[in-house]
Structure formats: C-alpha cells, structure tokens
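K.L.:
Chain by chain, the residues run as shown.
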Amino acid sequence: MSGATDSLVVLGGIAKQFGAVRALAGVDLTILPGEVLAVVGHNGAGKSTLMQVLIGTLAPDTGSIAVAGRDETAGYDVRRAHALGIRCVFQELSLCPNLRVFENVRILHHGLMGFGWPRRARRLVRAALDEIFPGHGIDADAVVGDLSIGQRQMVEIARAFTVTDQPVRLVILDEPTSSLGARAAEQLLRFTRRAAGRGISCIFISHRLREVLEHTDRVVVMRDGQVVARDRAADLTEALLVERMGVMADAAHAASTRANGAGADLPVRVDIQPTAGGTIRLIARAGEVVGLAGLDGHGQRDTLLQAFAAPRGGGPGARVDGSVAYVSGDRPREGVFPLWSIGRNVTIGLLRRLSRGGFLSPQAESATADEWRLRVKVRTPDMNNPILSLSGGNQQKVLIARAFACGADILLLDDPMRGVDVGTKQELFEDIRAEADAGKCVLLYTTETQELQHCDRVYVFYRGAITEEIARAALTEDRVLRASFGQTDDTGQHSGGRADAA
Amino acid sequence: MNRRWLDANPWVWSLIGAVLVWGLTVASVEGRGGMETLSTALGFATFYVIVGIGQMLVISAGPGNIDLSIPSVMMLSGYLSMGVMHAQDAGLVLGVLVALGVGLGAGIANVVLIRGLNIPPMIATLAAGFVMQSMTIAYSRGSTAKPAPLLLQFSLARVLGVPVIALLFLAVAGVVAFVLARSSFGRSVLAIGQNARAAYLAGVRIPRTMAAVYLVSSVLASVAGLLLAAYSGGASLNMAEDFLLMSIAVVVLGGTAISGGQATVAGVWSASLFLYLIVTMLNVLGVGAGLRYVITGLIIIGVLAVSKSRPA
Amino acid sequence: MQREVASAGGAPASDADPVPRRRFSGRVLLPAAALAVMLAAIFVLQPRAMSYNGMRLLLGFSLPLMFAAMAQMCVIAASDIDLGLGTYIGLVNSLSALLLADRPLLGVLSLVGCVLAYAGMGAFIEARRLPSIVVTLGASFVWLGLALLVLPTPGGASPAWLSALVRLKPPLVPLSIVVAVLLALVGHWLFMRSSYGVVLRGIGSTPQAVRRAGWSLLTARTVLYGLAGVFGLIAGLVLTGLNTTGDANFGAPYTLLSISAVIVGGGEFFGGIVAPVGAVIGAFIMLLTGSLLSFMDVSTDWQLSVQGAILILVLGTRAFRRRRA
Amino acid sequence: SVGHADGTGVATGDTSGKKIALSNSYAGNSWRQQMLKTWDRATADAIKDKVIKAAKVVNANASAPEQANHIESLIVEGWDAIVINAASPTALNGVIQEACDQHIVVVVFDGLATAPCAYKVAYDYTAMGKMEADFAIKKLGGKGNVLEVRGIAGVSVDDDIHKGLVDTFATAPGIKVVGSVYGNWTQTIAQKEVASVLPSLPPVNMVVTQGGDGWGTFQAFKAAGRPTPTIVFGNRQDELKLWSDLLKADPGYDTFSASSAPGCASVAFWVAQQVLAGKKVPNTIYLPLPRIEQADLESWLKVMPDGAVATPVYSQAWTADLIDANAAGKPLPPSPVAKLGDM
Ligand SMILES: Nc1ncnc2c1ncn2[C@@H]1O[C@H](COP(=O)(O)OP(=O)(O)OP(=O)(O)O)[C@@H](O)[C@H]1O
Ligand SMILES: Nc1ncnc2c1ncn2[C@@H]1O[C@H](COP(=O)(O)OP(=O)(O)OP(=O)(O)O)[C@@H](O)[C@H]1O
Ligand SMILES: [Mg+2]
Ligand SMILES: [Mg+2]
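Line order of the protein sequences matches chains A, B, C and D. Just so you know, the working numbering puts 388 at position 386 of the first sequence, and the rest follows in order with no gaps. Just so you know, the working numbering puts 1327 at position 248 of the second sequence, and the rest follows in order with no gaps. Just so you know, the working numbering puts 766 at position 134 of the third sequence, and the rest follows in order with no gaps. Just so you know, the working numbering puts 371 at position 105 of the fourth sequence, and the rest follows in order with no gaps.
Since the hints were made in silico from the structure, they are not lab data. Given the structure is predicted, the values throughout are model-derived calculations rather than measurements. For every residue, glycine included, the Cβ atom is placed at its ideal position computed from N, Cα and C. Any given hint could turn out to be false.
To be verified - Restraint ranges, calculated between C-beta atoms of paired labels, are given here:
1. A:Arg354 / B:Gly1253: 15 to 25 Å
2. D:Glu564 / C:Ala792: 55 to 65 Å
3. D:Lys568 / C:Phe675: 31 to 41 Å
Only chain A is shown next, with the shape it has when bound in the complex:
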C-alpha cells in the first residue's frame, strides 16, 4: 500500500463471499484526491460490490478501509462514509419516487433541517443541476415518480454533489451514463473533470470504454473479483483495455451489417405513426434492424410501447403484424421478477411453448433455461439461483434471453444493453443480427450513438415525432445529433424505406 498519507481512500485486501460466489477476492484500491478514477470490468467482475463496501452499505468479510490516512475499518457504515465525504450514486436508482426532488435531497443530508429547509434544499439541488446539466428542465418541486429515468439519474447525480454540513471528497458513480442520454452523459463527464479540479475525486464505472478513456485519469480493471490492471488512461487504447478485461471481441469496430440482401419485397411488420404526428411514419420489415434515435424522452419509448400494445388490441395509428417481445433496460421496474430463479425469469416469456397438455414440463423448462445460459453467457453456475444473485449486466442478459427465447416475430428493444459489458454486447448484437437474418423484425431504441451502427436504418425522434430517417450508409454521429434537435438534413430526409448498406 503506497502513498497512504496523501491518498484519499485506501482499500486493502477487501474480500466478499456470497454463498458459493466469490464476489471480491482481496482487492487493493487507492484513490487520490482530485482524480477521476475509472473502474471497468466484465459483468459480474465485482465493481458494484466493491463500491458497496466503499460506501459502507456492505460489510466486507475481510480487509481494511482507510480514509485520509486514518484507519476506519472498525464501525464503518454509510453514516461514517457520509461524514467522511464519500457519496455514491448506485447502479440501481436510489430515489424515493413518492417524494419531490428537493425532498430527496433532504433524505441524503441529515443536517438539512430546521426552519426554511425546503428553500435551502431547493436551492442546493437547483444549483447542482444547473451546474452539472445545464438546460436540464427539472423542477425542484417535481415528484420524482413523474420524471423519466434519465431525469431521475440526473437528480441523483446532482444530489450526490450537493454540500451542506458534510464535505464532498469522493463521489462514486456506478454506471451513471447507462441511463443518461448522450448529451447529459457528456455534461456529466465534463463536470467530473471540473470537480476534480476542485479536489473532489470521482470513481466512474462504465462499460462505454470511449468515455472511460477520454474522461478519466486512471483506469483500474477488475476481473473475477480481483484487480488485474492499473493504468493511466493516457497510456491505454480501447483495444488494450478490452484485452485487460479479458473479453474476447474486437469491440465496436466490427459493427456487423446485414448478411443477406433482402429488399423491399419482405413483409412490413410494423407501421406506426408516432403519437405527436409528423410526416414520417415508422416502417419496419421482416429481416431488418431499425434504430430509434434522438434524445431520451422524445417519444421513442412511447412508440415501442405502442407497437407492443398493438397486437393486443392497442390504439389507432399502429399496425403491427406478428407477435412481439419487449426488452427494457429499466431492469428493476420493467424486467426482473425478483422472487424467482434465473431460469423462471427466462421461461415466463414462453409459457405456452413449454406447456405439454396445458402444464409446464419441468424438463423442457430447465433445458430451455440451460440452453439460454450458454447462448447469452449468464455468469452463474446454476439457473436455479435467484435472479438477484446476478450482477446488473447479467440480469440484463437474462431479459434479452427471455425475448429471444419466446420466438416473437418482432423484437422491441428499449435500451437493451444498459449495463452490459463490451464483449457481451458485441456478442448480443451478433445474436440480434442473426435473429433478423432469420426473418425477425427488430426495433432498437438506444441513446448510445455507437450502438446505432448495428441498425439498417435509423429514425431520429424529436418532440414525439420523427424528424429524419437515416440509412446505415449515411449514418454519422453529427447527423443524428442535429436531427435530435429538430434540424433535418434535406438530402437524407425521404430516402424511401430501405437503405442499401453493405
């Protein structure tokens, strides 16, 4: 353990065991004042668990914690962590949806009380939001449950940086950008730099390697509960990083494209008029992967939900031909059945197919579960383990497996890769392409422009309507961004259904 005197936090030999799973196997980690430290690693590497130890919500089995040169191991808990200036934005959101934004700020600050506290809380959160996410559009009096997931993430991040009677010295951000739009993610990353300049350290966890390389000082790579590499970000490239993480894939470079040259003769599966009208309808055919782009909350999700509801007697303006399956990136609220095993979480999507004579066949059920464990590489020894024993990214794989397994004609993917590591993501996109080649129609909503490269065509949404349709060949980040603010590019506007990529 080096530099114990001038380092902010020193974790020594942290180990944590969950039943048979060794989540952390003796981790040493040092955080310096005023640095932005990235922690990366495959799904289930132990990143979130390590952060839970650091913030004091999880007691390690063994190991020591020292903050500002003082040993804090004994009696370390959240309150102590807060008192020492350590804050955390958890991977799964930690706001109370029934409370207003400023009330959620009060929850974090024990000292925010006495006469006039609501005024002070409002002022605090407004200032933080304005500084981190200029133009955020969030009212401090809004009830959190009424906010979109991206807005809630913004509130939680802003809250973590507010200061009352306790200092802020270290803020842990566990995959914050996975539920933020591209713009807000960018704002956040720039802010962490400025914060570092003021001496506030940040730990930044992300599966988006580009963010990591561009915006952090140091990178710690975890693998299977251990730290396997520590580098200065400047010394790394994406390829190097992927190699250290031990995931075998050539990253985002090899965005696969359609293999067969099927054209406009294939049947139209989805034909939707987005809710706010506009001149462009969303049309998707069998065999296609169609992207929905734009800033978060501009009607993409509503369009997907419209498509989902249509075969089940949904509203007007939507024609959907075939069975549908939906994958949501908001796991706890829209995906996971927390009391069930991993296997049951997969098979709920295909009950009818597994039934023999009206009842589920246990053999067929466990065979299906095991098949999908291998196909999407769920990190678990046994699909009968509870779903909550999986790391966030692995839970997400289970949800994708559920949608694939049910054999629906149309896959509606709502930010499906949230929290999935690069290697797995690559494989999953290959699977998605394979499904499309097999005649499926895929609608993919993502706020990560990189992921749009896997689409044949992209519709960009703005204020509930489609502003532009972009073919794969014409897709540039810049163009998507401009369309996201309602500025259309004349040349590409009516490119007529399909694009001839490849």
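With chain A fixed as given, assemble chains B, C and D with the ligands onto it according to the hints.
P.N.:
Quick look at chains B, C and D with the ligands alone, frame taken from chain A:
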C-alpha cells in the same frame, strides 16, 4: 430439515404449532379424545381452507390485492342456495348452481370495480361486500334456509374418521398447488404479483389473469358458504362473521407473502388447523375471554416471527 | 407525452412544472369536493343541520374518528396497514375510564405504556421484517384481550375535565371543526413540511434508498408506530370523554373506518403516498355517510348498500379523474 | 289526559303529530330481523290509526360510534322520541344525555344503555340464568355435567345470564360445569366452539344456552357422534323445530325455551308513545321473559314461519298494563300468546 429447506417451506412452522397445541390440549385432559379432536379440527379447518385458497391467490397477485367480500359472498350464497333447495333433495342441483352463480356474480362485480373503475381492491371488495350483505338481509326475510338432506349428509360424512369434505379439499389444494407451480396461469399470477409492469411487458395477460383470480376467490367463497350452511344445518345471517380476518390470517401464517408473488398452498392447510386447534386448546383449558384473546394474538405473532427466516 | 418532451434536452423548466402541482392538489381537492357535496345534500334534506347546534351534533363523533384516521395514516405512510387500531382505541378507552379519574398516576402510566407498546410493535415489525397486516391482526386480539381483562364489562367513568374538554362550545365554530383544522395543520406539518417527515414518507416507497442514505429504518418505523400510538391514544381519550365511560368492544369499528377515511381522503395503500389534510376530510366523509343515510330515509334493508355505493362513488371518481389526467 | 283518574291505563293525550324513530345497533341476525319486523308492524298500525305521525329505523353496522352518529342525526332532525337498541351499555350515554337535553323522549330496550334520563325496557337476564340453572338442577337431580354456551364476551347480557347461572349452580355442589364456550348467539360459531371442546369432555348431561345457539350446539353433538344431551333452547324457529323433532323421536325429551322476545321493540315503541301521551312511566320497566313449555310448543310452531323468532306482539293496552304493574310493584302481566301472522 436445514434452514434453506425451512425457508422454502414456511408452512412447516404452523404445522409444528398445530401439533404442539394439539399435544398440549390432549395432555391437559389426560389424553381424552385426541383423535376426535383432530377429526373435528379437520372438519372445521376445511372451511378456512376453502376461502383461504381463494384469498391466497388474490394476495399473491400483488400488493394491495385482498378480497374483503368473502364473508358476504358466503352469506349470500348460503342463503340463496338453501332458499332454493327448500330442504328437498330435488332442489340440490339447483341450489349448487345458485351458489356457484352467486360466486361468479360476486367475482364479476369485484373485477368490474377493481379493473373497470380502478378502485383499490380493499375498498372495492369491502363496498361490494356491503351490497351483498344488504341483498342477503333483504332476501332472508321469511325465507327457508335449510339444506337438502343429501347435502347435509355429505357435509357431515366421514371416512375412517376423516371428514369427506376435508379429503375433497385436500385434493383441491393439491390441484391448486400444481396449477401454481406448473401452469401458465399460475406463473402469470405470481409474475403479476412480483412486478406487474414487467409481467405486462413479458406478455402476461394481466386483465384476464386478474379477473380469473378474483373469480376463483369468489367462487370458492360461495362453495364455502354452501357447504358451511349445509354443515350447520342451515344458513344464518351472521354465519360467516369470523371468516374475514381468518381468511387473511391462514394465508399469511401459512407462509404466503403478503406482498405478493409467492404462494404456499400447504400453509393454508397447516395454518387453518393451527388456528382452529388454538381455539380448541383455549376452550378445553377454560381460559377466560380476555386472556384467550391475548394468548391467541401472541401465538399468531410468535409463529409469524419464528417462521420468518431472516431477521434484519 | 407532453411531460417527456418538455423535460428533455433544452426545454424550459416551467413546462414540467404544472404536472406535480396539479396532482398534489387533486389528491385533497376531490375528497374536499365530495365532502362539500355531502354537506350540501344534508343541508337540503335537513335544513336544521345548517346551524351551530346542528353542525355540533352532526360532527360530534368526528373527533375520535379524525384522530383514528391520523393514526392509521401514520402506519399507511410506511406502506403498512394497522388492523389493530380499533381494539387499541378500545383498550385506551377502557384504561382511561377505569383509571384516569380515580388513580390518575396509574392511569397516565398505563397510557404511556400503550404508546410504548405501539412503538415497540413498529420496531418489532422492522427488526424481524414481518408483514404488518398479520402482526397488527395478532395485536388486535392482544389489545382486545387486555381491554377485557381490565374492564370485563362496560363501565368506569371519564374524568370530569376530559368530558368537559370534548364538550367545549367555542364561539362561532363547533369544536370538531376547530380541532379538525388544527389536526390537519399539525398532520400536514408533520408529514409534508417537517424535515423528518420526508424520511418517514420515504420508507413507505423505497426503504433501501433511505437506508443507503444512512437513516435507521428501525428508528423511522418506531417513530411512525409511536405516532400512531399517540394519535390512537388521543382518539381513545376523546372517546372516553364523549361516552363518559369505557367499553372494551367500542373501538373495534374504528379499524375499517380509519382505513377507509385515509384512502377516501387521497392516501394510497402503497408507496408512502399520504395526505394528512385529506385524511381528516376522509374522516368527515365516513362520518357523514351515516347521517346522510339517516336523512335519506333509505329502507333498512338497503342501508349497507348505500354505504357501499358512496365508497364506490368517491373512489371511482378519483380513479376516473386520474386516468383522464 | 290519562285513562283513569289514578293515572293507570292507556294515556290518551294527543300524539298524532309526533314522530318516533328507532336507532338499532345491528341488523345482521334473525332475532334483529324479527325485531325490525315487529317494529314495522307496530308503527305502521299506529300511523294508520293516526296515533303517531311518522316512524323510521336507522341501523348501525354493529358499530357504537356509527350508532352514536345516527342518534345525533336524529336529534338534528327533530324526532320527538328516539327508541334505541344500543350497541354498548355505556358508550351512548353522552348522546342520549344530549337528546334528553333537547327534550326528546329516549327509550332503550334489549341492548340497554345506563344513561339515567332514558327509559329502560329491560329483561331480567340474571333471572333467566337462574331459571335455566334451576331447571338443570331439578332435571339432573342435583348431580351431573353441564356445558355452558355463552354469548359475546364483554356484553352485559352475557354477563348477567352467566351470573345468574353461576350463582345458582353454586348452591348445587353435585352439578359440574365441565365446559364453557362463547357461541356469540350465532349457530355456526356455537357449533364450532362446542365441537372444539367436545372431544375432551366427559359425558355431558345438559347444555344451557342463551338462544340462537341451540341448533349449532345440537349439530356439534351430532357431528361428534355423541348422544344428544338435554339442551335448554332459545326461541328461534330452527331451535323449536329441532325440539319438536327430538320430542317425536323421544317423547321424554324434556326441556324448555327461554329467551328474550324480539317483540320487545313494540313495547319500547308503546312506552315512548305513552310518555309522549303524558303517562307517568317509571325509569325502568321490566318485561316478563317469554318461556315456552313443551305443552305450548306445537301451537307456537304453527304460527311461526321458517326463519322466524318466537315472539308475541305487544299492544298499547298490554304495555300500559305492564307500566302500571311496574309502577305499582305488582306481578307483571303474562306475555300474550302469538297469533298467526304475528311473526
Ligand atoms: N446479493 C448477492 N448475492 C449473491 N451474489 C451476489 C450478490 N451481489 C452480487 N453477487 C455476485 O457477486 C459478483 C459481483 O457482482 P457485482 O454486482 O459486483 O458485479 P459488477 O462488476 O458490478 O457487474 P455489472 O457490470 O454487471 O454491474 C457477481 O457474480 C454476482 O453474481
Ligand atoms: N404497465 C402496466 N402495468 C400493469 N398493467 C398493465 C400495464 N400496462 C397495461 N396493463 C394492463 O393491460 C391492459 C391492457 O393490455 P391489453 O388490453 O393489451 O391486454 P390483453 O392481452 O388484450 O389481455 P386479454 O386479451 O387477456 O384481455 C390494461 O388494462 C392493464 O390492465
Ligand atoms: Mg454493477
Ligand atoms: Mg385485450
């Protein structure tokens, strides 16, 4: 019996409780009537079980789902079915059909209020129960309320000392347990109970499943009303009074999660036996009214506390 | 839709503003409107009710119910439900009638014990992570049993000061209304304005988030149940004053009445969503249902049906409004 | 304006403009239903005969607070007399006093209230307990096992009957009360509770009940395969019918029926009317408990429809006699016999 197995089978605790209470009762009277006590308990527990199974399905369909109309359905079904039977075997079939009809009607009313008008289930079923109680009171004036002799015999019949209705509903409980574990319907109920939004997005048919759950609960309550009216030789206005709280108590003591998504059918049986045997014990020991209530309450809380595996 | 668009990207903040505001006031406005309609109906059916004395009589028994509703609301704030509140009120009624007049010290001690027991029940529920509905069901038997033990048959006497207190006739406005306004203010301050009230409502929706912020859930739930114990205690005392005696069985109906009052008043069973002002209004609605029934001259057979219909009407309207909003 | 110069007899003061309301605490059992029926009959006739102007009933759902609220509403409405079957003997005293203060005549009956200003139409329930115990001691020859089926815990009627039983049995050391359960005056609950103790009991020679529980008690014995003991019945039609059936099977099945009569509502009504008419009425008026003997059984059954509860219908004149007898401390007039159509 390791801890993990116990966690997965929470009904064991109330069964242990039942056995202890039974042993204590029998010991207190020098072993007199042990088997008869058990046989009687099986008979009465059956009525709790019938409504308990329905209540269990409702409760496991998610937070806030509770059927408070059960006693009113029992009352209305008991009265109307006895009314059309006129104590004649010839009216038996009609009487049974009327009872089932009451159950279906009540179920539909509940579903319309809950899903159609979006009223919280607790209030919706309470209000529906009020209306049914009124109907029973209006109907009961001057009506015949005695069962067909065949039905009376059936409700009292025993095989080797075991009540036939107990055997029948042991079988029903088995079927329900199987349906919950292995059918599309059962999985759908439990999925909705854990996370309704996720269930919707996973393609679970929420409207039809929820409707089915409330219908089953009401129909089971109407069957319980029919059989209880027969068993007691006739319907009376307040015959179902203690079934409101009991139907909830047997479900939760039996190990079903009140927050939904998980159900324990065996627990309904063991908790029903347990609660009835507590009554027996207190009666046999001749405990006074006040103390009796205190002991009952403490036992309920105690069993619940030991059966919960993980303290904070 | 409108909301999503407004909140994203560079849209001005004011767009997102009206949504929560409107929703909040809707929560209390609807029961208030329902109450107004009921009062109007009562005044039309029975003009005599429209006087100081008429109102005083009509609302006489609102005092215990509004405190019971506030007690129930404390528990519902934690997404729990209290099936034992009614018998607890009966226990307080029995103890206070038996002891308070003759042996005030013992009486006060026993009542303090009641509140502590309630707070302890909350702590127990949290510590063992038990479902409140069953613990309070079990507790309801315990309270009733204790009440029967101390007061096997109805009797005892209310201390004179207590009876005098609840029969005060303030000028211009009947006591019930004065107390209702005060209670609504206190409840609103406690839950919606005070800084710890935020924490108390927080545990009703996302306890793990509150815990991660370093709060003790044990303390919070203990405080909530302790508050419920205090409000329940006041309900029981007021009852003793109104009735002038004690009766172990008297409180029982307050369980369902208080739950209905909280929900009719805009609270929800889950998610820590409560409305203290609404709960007080809900108490009046539940109470006036009985008077309305009496004035409407419904056939005795169908009186229960009308009660059910009023419940359905109030809550059905709320759900309808919410769906359209 | 009193019938006779000495104040006895029916008071004839003009009450044709008066309104009398009934506040009833509970309507959910057959006894209460029968009670409401007799009330309706008495008031309908009185209105038809222009004795009073209006009458009505408000039922509370076994809830004393609700009933208190109803009574306050009745006060606001300005009824001249309020007749009350109270949910609690003490809890309504506050509102009753309120009513008296507004010069409203209050008459309580069956479920009594102790408020001093209210007229009370009462059964002597301790006497009922004593009556049953005396019968048991005599029937069993001073030696035997008795099972007691009680009412609802904490309710004074139950306590009074129980007290009468206990005090009387204390004089007969050979009688053993081998068990005591609460049947809540409800057949199903009585059945359940009796069944629960039966297996542990020695042979039971006699069961004393409070009414509404005799049939359930019998069912429990039958289901347990025990010989039917002598059951002192209440006055529900099913209980009387059962007694009659038992007599057919065994002519020596010797018992009787004791229970309060729902018709007491009509007595309470006439008391209220008589007070309004200016008659001087003592604060407490005792009613004779209708006792049905084997000899009268068939004639009672003949006039009882299914589901009814045996009760005479009391007239204005009979009530005046009752008041006079109570005032003078003379023996109470015997209950009239029911006629066809009374129930
Ligand atoms: N409560 C728990 N019970 C059992 N196992 C757990 C629990 N929490 C975490 N684990 C296991 O610990 C390991 C590390 O999980 P962790 O959540 O720290 O991974 P992660 O690196 O954050 O992954 P991701 O990138 O997917 O979020 C995983 O194998 C996970 O299954
Ligand atoms: N987010 C949600 N959470 C819970 N329930 C939902 C959600 N969205 C929709 N539902 C339920 O689904 C209903 C609409 O779904 P839809 O009508 O498409 O079902 P369906 O498949 O037609 O059902 P069925 O054919 O079985 O009647 C709504 O009335 C609601 O009850
Ligand atoms: Mg993680
Ligand atoms: Mg449909």
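K.L.:
If a hint holds in the structure, say so; if it does not, say that too.
P.N.:
Going through the hints against the structure:
no.: 1; hint: A:Arg354 / B:Gly1253: 15 to 25 Å; in the structure: holds, 24 Å
no.: 2; hint: D:Glu564 / C:Ala792: 55 to 65 Å; in the structure: holds, 58 Å
no.: 3; hint: D:Lys568 / C:Phe675: 31 to 41 Å; in the structure: violated, 52 Å
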